[in-house]
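Undergrad: Listed below are the residues making up each chain.
Protein chains: 6
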Amino acid sequence: MPNPVKDAWKQGRAVVNGWLSIPSAFSAEMMAKGGFDSLTVDMQHGVQDYLSTVACFQGIQAQPVVPMVRVPWNEPGIIGKVLDAGAMGVICPMVNTAAEAQALVSACRYPPHGARSFGPIRAAIYGQAGSYFATANEDIAVIAMIETKQALDNLEAILDVPGLDGIYVGPSDLGLSLGMVPKLDRDEPEILAIYDRLLKETAKRGQVAGIHNGTPEYARKMVDMGFKLVTMANDSALVAMGAMRDVAIMRG
Amino acid sequence: MPNPVKDAWKQGRAVVNGWLSIPSAFSAEMMAKGGFDSLTVDMQHGVQDYLSTVACFQGIQAQPVVPMVRVPWNEPGIIGKVLDAGAMGVICPMVNTAAEAQALVSACRYPPHGARSFGPIRAAIYGQAGSYFATANEDIAVIAMIETKQALDNLEAILDVPGLDGIYVGPSDLGLSLGMVPKLDRDEPEILAIYDRLLKETAKRGQVAGIHNGTPEYARKMVDMGFKLVTMANDSALVAMGAMRDVAIMRG
Amino acid sequence: MPNPVKDAWKQGRAVVNGWLSIPSAFSAEMMAKGGFDSLTVDMQHGVQDYLSTVACFQGIQAQPVVPMVRVPWNEPGIIGKVLDAGAMGVICPMVNTAAEAQALVSACRYPPHGARSFGPIRAAIYGQAGSYFATANEDIAVIAMIETKQALDNLEAILDVPGLDGIYVGPSDLGLSLGMVPKLDRDEPEILAIYDRLLKETAKRGQVAGIHNGTPEYARKMVDMGFKLVTMANDSALVAMGAMRDVAIMRG
Amino acid sequence: MPNPVKDAWKQGRAVVNGWLSIPSAFSAEMMAKGGFDSLTVDMQHGVQDYLSTVACFQGIQAQPVVPMVRVPWNEPGIIGKVLDAGAMGVICPMVNTAAEAQALVSACRYPPHGARSFGPIRAAIYGQAGSYFATANEDIAVIAMIETKQALDNLEAILDVPGLDGIYVGPSDLGLSLGMVPKLDRDEPEILAIYDRLLKETAKRGQVAGIHNGTPEYARKMVDMGFKLVTMANDSALVAMGAMRDVAIMRG
Amino acid sequence: MPNPVKDAWKQGRAVVNGWLSIPSAFSAEMMAKGGFDSLTVDMQHGVQDYLSTVACFQGIQAQPVVPMVRVPWNEPGIIGKVLDAGAMGVICPMVNTAAEAQALVSACRYPPHGARSFGPIRAAIYGQAGSYFATANEDIAVIAMIETKQALDNLEAILDVPGLDGIYVGPSDLGLSLGMVPKLDRDEPEILAIYDRLLKETAKRGQVAGIHNGTPEYARKMVDMGFKLVTMANDSALVAMGAMRDVAIMRG
Amino acid sequence: MPNPVKDAWKQGRAVVNGWLSIPSAFSAEMMAKGGFDSLTVDMQHGVQDYLSTVACFQGIQAQPVVPMVRVPWNEPGIIGKVLDAGAMGVICPMVNTAAEAQALVSACRYPPHGARSFGPIRAAIYGQAGSYFATANEDIAVIAMIETKQALDNLEAILDVPGLDGIYVGPSDLGLSLGMVPKLDRDEPEILAIYDRLLKETAKRGQVAGIHNGTPEYARKMVDMGFKLVTMANDSALVAMGAMRDVAIMRG
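Chains as they are written, first to last, in our numbering: chain D, 1 to 252; chain L, 1 to 252; chain Y, 1 to 252; chain V, 1 to 252; chain X, 1 to 252; chain U, 1 to 252.
Keep in mind that a hint or two might mislead.
When chains are identical, the list treats them as one kind, so a pair holds in a single copy or across two.
[Claimed, not checked] Listed next, the in silico DSSO-like pairs over lysine-lysine satisfying Cα-Cα at most 30 angstroms (straight line):
id, residue 1, residue 2
1, Lys149, Lys33
2, Lys6, Lys204
3, Lys200, Lys33
4, Lys183, Lys200
5, Lys204, Lys33
6, Lys200, Lys149
7, Lys149, Lys183
Just so you know, the hints here were simulated from the structure itself, not pulled from any lab data. Small disclaimer: the values here were computed from a predicted structure and weren't measured.
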């Protein structure tokens, strides 16, 4: 029950995160053997829904890896369902205002810190849900994605929402919102300046900043820069790009 | 309907084959974009069954890649089902005698060349099954796995079975059967001598020899040696080993 | 098509309800043989989604048991889908204001009593949807969960919303909202006083009150108290607690 | 990537659309062989969810038919998911105000024309998403359902929303909203007058009007009237009504 | 529990049978509303496996239609599974010898009439399996497909196997085996002579003869000829051919 | 990798086994929290197939419980698949002769002790399959069901097959074969005498005897009698009988 992701953050360590886009518990099992600190089911852009998320959680549960979810939208129904299914972290896309951040926190925390409904069906052993309840508000990581100009405009207000553990950068959408092409692993100076600001503002409040990356090399640079939650390209990319690479070798 | 795999063989070209072990049409789609000549659903050791095979076939059908299956066993029920589902090639494990090879061919060919039952539900458009029927016996590749000492003892008799298009080497089982450890990409001289014999005997009969490989580099060597159907490590290995590699880079 | 649950209420009888949390039509079939008046698929805290709900409905349809759903949230898309799938009752979580109750009713009733969209794909035989339409507004039970302090503050306004058939108590969330621990089968006097108020206010308006329970013994007490829709612990609890009990006996 | 549906509209041709209600890739494959210009997965009233939609898209992808979706509701999370899955058209139910139309367009278009989040996981080949991005805003058809009195009252304002490609009539709901029985293939003069108005107002703005039909004969009349997107009864109706018809013949 | 199919045969009535090839409980439900006496899941050529068969059985169980299965092969494991799932009839392909017919009967009947293993998990209510057991051997219809020259050569010996209820003609395979093209609804005189012989030999033994047909009109002729189990084209054909027909009408 | 079930037997302890009939990873998870030593997926009479078996294994893998399978039949294809999926024990129905026992062992053991094919896709981490190989032949429990008169006649020969770890009694089928009604928890003296013989003959050879039971109380008696693998009624029975019991209490 204690959340190793939040423990890592308390100790100042960066969390190495993998991304699950393939709706298969078996594929998730293969990822879980990779040595990640956490694995996040991508219900937004991945080919995932609620039951495939549960299956992926079952696939990874024998390994010491923390299950998290990027929810498809900031909607309390699905946030409650993935938490009941055992998610120890929620990454929410497109949090652009303090009100949206507040709604996210409220959906993730039990009263009096929020309005989450009680029924942790996979997260707790039936009849022993009390111990889950005792620490869930503390243990679950709540992360808002900062990926639009509007979110940057509202940054301080968003970060000031009590109960928010940190933020997560979506580089493609952030670029798009600023009039650039969508891509990962960006190096535009104005983007890097934004990253600096995000790191500074989150650090100031004891929060973490995370970022989505396309390559492990770039992810490593982001860790050096101060990001505490770094994700690399996902399982489906490992298949697609691995297949292309191997075929190229075979064909000479 | 004409089978590009058999066309390649007629022209003396090697077929670059991928292996589908993840029971997901989406994962199969990612593989299908890799540029393979054919993709084989592994119903024997892969996490696949009949309906996941159908799903994988649906996932890859928009790409110019030939769907094949390694069946779980030499059993006419499942062989008929995967052919009806559209498989253009069948790789059958553990064919150790001429009688077993004959049973395999019989399950894959319509009368008078075999005893396959008619009902190509996905393989043909309803009401136009006649055109499928006209060429199916010619188009479908029937491949027997040679992977035991017994099969080597019976090699000539197996290869002499009419209607067999070729053989496929399972290096792990072949080694095991000969008292060695199970592994791919073998270099024991006695194994390489067996490969030479298989290539020579199949070539003599206008058949092909294929082989399962662990790396594209080794697969390439096998093509140079004369193998006409070479498979690399599969989708689940791309996920598992890609994850390990990327995590290692990220952790430095 | 007439709804035996609403018939029971008209006759003053309590409805014995089971709870489906396991996403399996087969498990639902086993529950359906138990003798319940109704079975409710729990899409909020259960491991259920839309298609598993449809499967559960298919599993129970040979038995004389009324299919109902607890929806994951007060959202018209999913409410419409479960009704089209044949739900004869909708239990909606976290109805805290009259506006929310009005939205719930609107999603469940065809015009002019609401804004439900027409397309009862499983609920009616194609081409005979007219007879379903004729009585659906009357037959479907619409139930709002009362489980927060805010809902209690707004109780009369909520109950005054036309078209609401009754309410349903979530004891865990209700307790949480009032600063207590989450649990079922409560005996705190202030909680029991709330139950009295709910029973009185609903009775006054010809509505019913229902409640979620952890044991059949407590459920029976609630029937005696006046509740007309009583649920016991669900299928997954039967498995989990039955397994623990039987293992304890076997191990002595 | 170019969208043949929008090409047809540019050339003034009507699009013949099929409707997928059965959650089966195989059933969708059978429909895809029928010769439709487009096939729309009905996530609102059909027995479909997100993953069954993906499966249906995989089932039809080998045929030259455009994949579209009727979403269950005007909600950005699911709209983004079906577009990422490769939908080239979105039909949204119950668009009753300009604000709702604006929300629909925003969910379907990337900045600066909307707020769609970037991650076209099935819609683009990984690593080549740039070419998808370049034309997606232009290629994707965004269609609002006009099916209530309120929508008619707001028609001009709805149609004036930039980025809306057209509208789609739901005759059952439209009738219901106007106090009539729900049915398709309507012939009430006041309904036909509404159709005239819809055709005129959309034509004036270079938009298209579409309509849902119960029979191909009526659909044809609608094409003659000017509708550019016509749907007939769906796959499940083909099964249900075909079964009744054939049994009647057999029983004499 | 009594089997209406066998009742019909006792009364000399023909059974109108539908064919389920689409692996969807919903599609099966649509078929079940068609008025068939029985519905047979085609596990041989249909896109069906064991769990989709169970789902189809659940889909049809609310209608008065008898569930049957065409098994993929004459293999006791799968025959036992579909019977335990509730099949009241088994149609077995490619029964070519008396020994094969004997194996089929043995797999379908409990001792002392066969070797079926006891565990009717869906076929009986747990704890009340005794009543199922009491009549299962009598109630279940065991049907051998006669579809090869070899089967015709062995016809009398096959029919003489005790416990066989009847036979079923596969016209495509029968034709193929005799050197003709595979098709349904045949009119070759030598085929019709075979049908006569089958009807005569089965009638002589109090058994029934059934046949697979492509159109209800031909099926009706077969009933007039004396066949007591007639099947028309299946659900997937209703979709495929219905789609083609409707598109043709729409396109004029 | 070491198998706690075989460790228990080495230490003379009885293994408390649960039975998984519901094809749901979530239901399996609930069972896994019950405290069993092992859980066996029943692919013979349970509503299970290969992929649901894999899902159940994923569901239970976080608990210290040994995954086993009762295979549907003594067929090498499916036996190999469940072992590759991670089964640490195989219970095979209807082993009636020494040849059948030999075939079972051969399918479960790698050469030179059998003919199992190598590819432990879930059972081993890719690239580290060597450690699995090193001990698999030793670790996997191979159990033959003794449940017919024929098996009793051949008992000594069956038990003498090298590599067989033990036997498992199916009381229903055993009774049926002997002319009695099928039921569990039998008390006929001739049956108990058979149990004595089985216990004596297995003990003599260092093998174990197991038995299927209907209640934990009877299972406990069997442990006292000497059985080392005792199973109680399964998950579906917990649901069905728990539902009946709770409804009875609620209805008074």
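Undergrad: Against the structure shown, which of the earlier numbered hints fail to hold, in ascending order?
TA: 1, 3 and 5
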